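2 protein chains.
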Amino acid sequence: MRKKIHNLCLGILLLAFCICLLTANLLEESQSDSQKPWQEYSEMEQAIWEDVKYFPVPEFTSDPTLTVSYENSWMAERTYGGKRGHEGTDIMAAKNERGLYPIVSMTDGVVTKKGWLEKGGYRIGIVSPNGVYFYYAHLDSYADIEVGDEVKAGDILGYMGDSGYGPEGTVGQFAVHLHLGIYIYPNGEETSVNPYWILRYIENRKVKCYTKM
Amino acid sequence: MRKKIHNLCLGILLLAFCICLLTANLLEESQSDSQKPWQEYSEMEQAIWEDVKYFPVPEFTSDPTLTVSYENSWMAERTYGGKRGHEGTDIMAAKNERGLYPIVSMTDGVVTKKGWLEKGGYRIGIVSPNGVYFYYAHLDSYADIEVGDEVKAGDILGYMGDSGYGPEGTVGQFAVHLHLGIYIYPNGEETSVNPYWILRYIENRKVKCYTKM
Numbered sequence: 003m004r005k006k007i008h009n010l011c012l013g014i015l016l017l018a019f020c021i022c023l024l025t026a027n028l029l030e031e032s033q034s035d036s037q038k039p040w041q042e043y044s045e046m047e048q049a050i051w052e053d054v055k056y057f058p059v060p061e062f063t064s065d066p067t068l069t070v071s072y073e074n075s076w077m078a079e080r081t082y083g084g085k086r087g088h089e090g091t092d093i094m095a096a097k098n099e100r101g102l103y104p105i106v107s108m109t110d111g112v113v114t115k116k117g118w119l120e121k122g123g124y125r126i127g128i129v130s131p132n133g134v135y136f137y138y139a140h141l142d143s144y145a146d147i148e149v150g151d152e153v154k155a156g157d158i159l160g161y162m163g164d165s166g167y168g169p170e171g172t173v174g175q176f177a178v179h180l181h182l183g184i185y186i187y188p189n190g191e192e193t194s195v196n197p198y199w200i201l202r203y204i205e206n207r208k209v210k211c212y213t214k215m
Numbered sequence: 003m004r005k006k007i008h009n010l011c012l013g014i015l016l017l018a019f020c021i022c023l024l025t026a027n028l029l030e031e032s033q034s035d036s037q038k039p040w041q042e043y044s045e046m047e048q049a050i051w052e053d054v055k056y057f058p059v060p061e062f063t064s065d066p067t068l069t070v071s072y073e074n075s076w077m078a079e080r081t082y083g084g085k086r087g088h089e090g091t092d093i094m095a096a097k098n099e100r101g102l103y104p105i106v107s108m109t110d111g112v113v114t115k116k117g118w119l120e121k122g123g124y125r126i127g128i129v130s131p132n133g134v135y136f137y138y139a140h141l142d143s144y145a146d147i148e149v150g151d152e153v154k155a156g157d158i159l160g161y162m163g164d165s166g167y168g169p170e171g172t173v174g175q176f177a178v179h180l181h182l183g184i185y186i187y188p189n190g191e192e193t194s195v196n197p198y199w200i201l202r203y204i205e206n207r208k209v210k211c212y213t214k215m
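Taken in sequence, the protein lines are chains A and B.
For the first sequence, the positions run 3 to 215 when the working numbering is used.
For the second sequence, the positions run 3 to 215 when the working numbering is used.
These aren't lab readings, by the way, just hints derived from the structure by calculation.
Keep in mind the model is a prediction, meaning the values are calculated, not measured.
Where hints are given, some of them may not hold.
For identical chains, the list gives no copy identity; a pair is met inside one copy or between any two copies.
Pairs of lysine-lysine, BS3-like flavour, derived with a Cα cap of 25 Å [stated by the list, open to error]: (1) Lys208 with Lys38; (2) Lys208 with Lys55; (3) Lys85 with Lys38; (4) Lys154 with Lys85; (5) Lys208 with Lys121; (6) Lys121 with Lys210.
My request is simple: use the sequences and hints to build the entire structure.
Written out as structure tokens, the structure is:
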């Protein structure tokens, strides 16, 4: 009798095990059938293009020498604070002067972040209508905006600087530039997107700046 | 004695089961740590931007009325051959005339497909240096190219038409246009990418067409 019970238990356990494996497999398959693992990423990434309206640095019509330049430095190595890939694009000022170049919002959106970060210095974070996070770092100073404020594309956020890479107030650790980061949240996971092609795409759409904004 | 053996067997089985579950979990975690499920998609998608050099329809400097227009019809519904999403961008001719507008390759690459498809009509397929597949459909006629030929960006592939939606040679089922499809192969799986933003990005880079090419 005991032996029979033992055999029965063993049988049930094996059966349960098989059902578990089968269910797991089926679940996995139905998932990959209905939705590719990059579907949400691809949809969120598409939405960025709909949200961007302006290049983040205006054009100085009064002084055409005040240009900017940028390269595709996606995932180029950075060393401050440990080796890491460069998750963004640096827009360099032709004239290395703090507080000279205004920075404008590329999108409509809401200010969700303002303040110091060791790596980013004084930064502003904006969430666009499609839920994309735009990160503007190394600012010299802020415009009159606070967390929770709504902004329109082209609204001034602050001025380009060289803040960051140290405790609050650190400046001059690198040349004056805007670090632009763009982040999406597929499957709830923060993921950076290369801003370079997006910048190239809107390069000709600049707010015109006739005098100091 | 028998009972002991049975208990031992049961114990070993349970242990094996636990080890299996643990291993599966660990493998899964290490995978998601090192690589997000959309990593390959995102890398391949980035590569498209590096490969595209020209808008697929030249600019007619001799007749500026011969323009084209296109919209973001990504995944808009199509019904021919069963309901499906529109995996591409239609570039419509302002002048509805077969064989008038040349179609040029957007990228360097190799011709991998040429010939009739029920939905696509006469089409050319080009694989670009980064392994992206460019699909040019509904052509009226071909340039002097064959499968296996290398092409340079800006090389003429054929002429815009209205072929397709039927057996070989069918024309006139819709207005003259170029259907452009762009495909990448993350994890070996064919995936279409919205060409709209890429077209917008290179809209100002058109081959100049002084006379009929």
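Cross-check of the supplied hints:
1. Lys208 with Lys38: For Lys208 and Lys38, neither the intra-copy (37 Å) nor the inter-copy (34 Å) Cα distance is at most 25 Å.
2. Lys208 with Lys55: Answer is both; intra-copy 9 Å and inter-copy 23 Å each pass.
3. Lys85 with Lys38: The answer is between: 20 Å across copies meets 25 Å, while 32 Å in one copy does not.
4. Lys154 with Lys85: For Lys154 and Lys85, the Cα distance exceeds 25 Å both inside one copy (36 Å) and across copies (39 Å).
5. Lys208 with Lys121: neither (27 Å within a copy, 41 Å between copies)
6. Lys121 with Lys210: Intra 30 Å, inter 47 Å, cutoff 25 Å: neither.
Consistency with the previously given hints fails for numbers 1, 4, 5, 6, ordered from lowest to highest.
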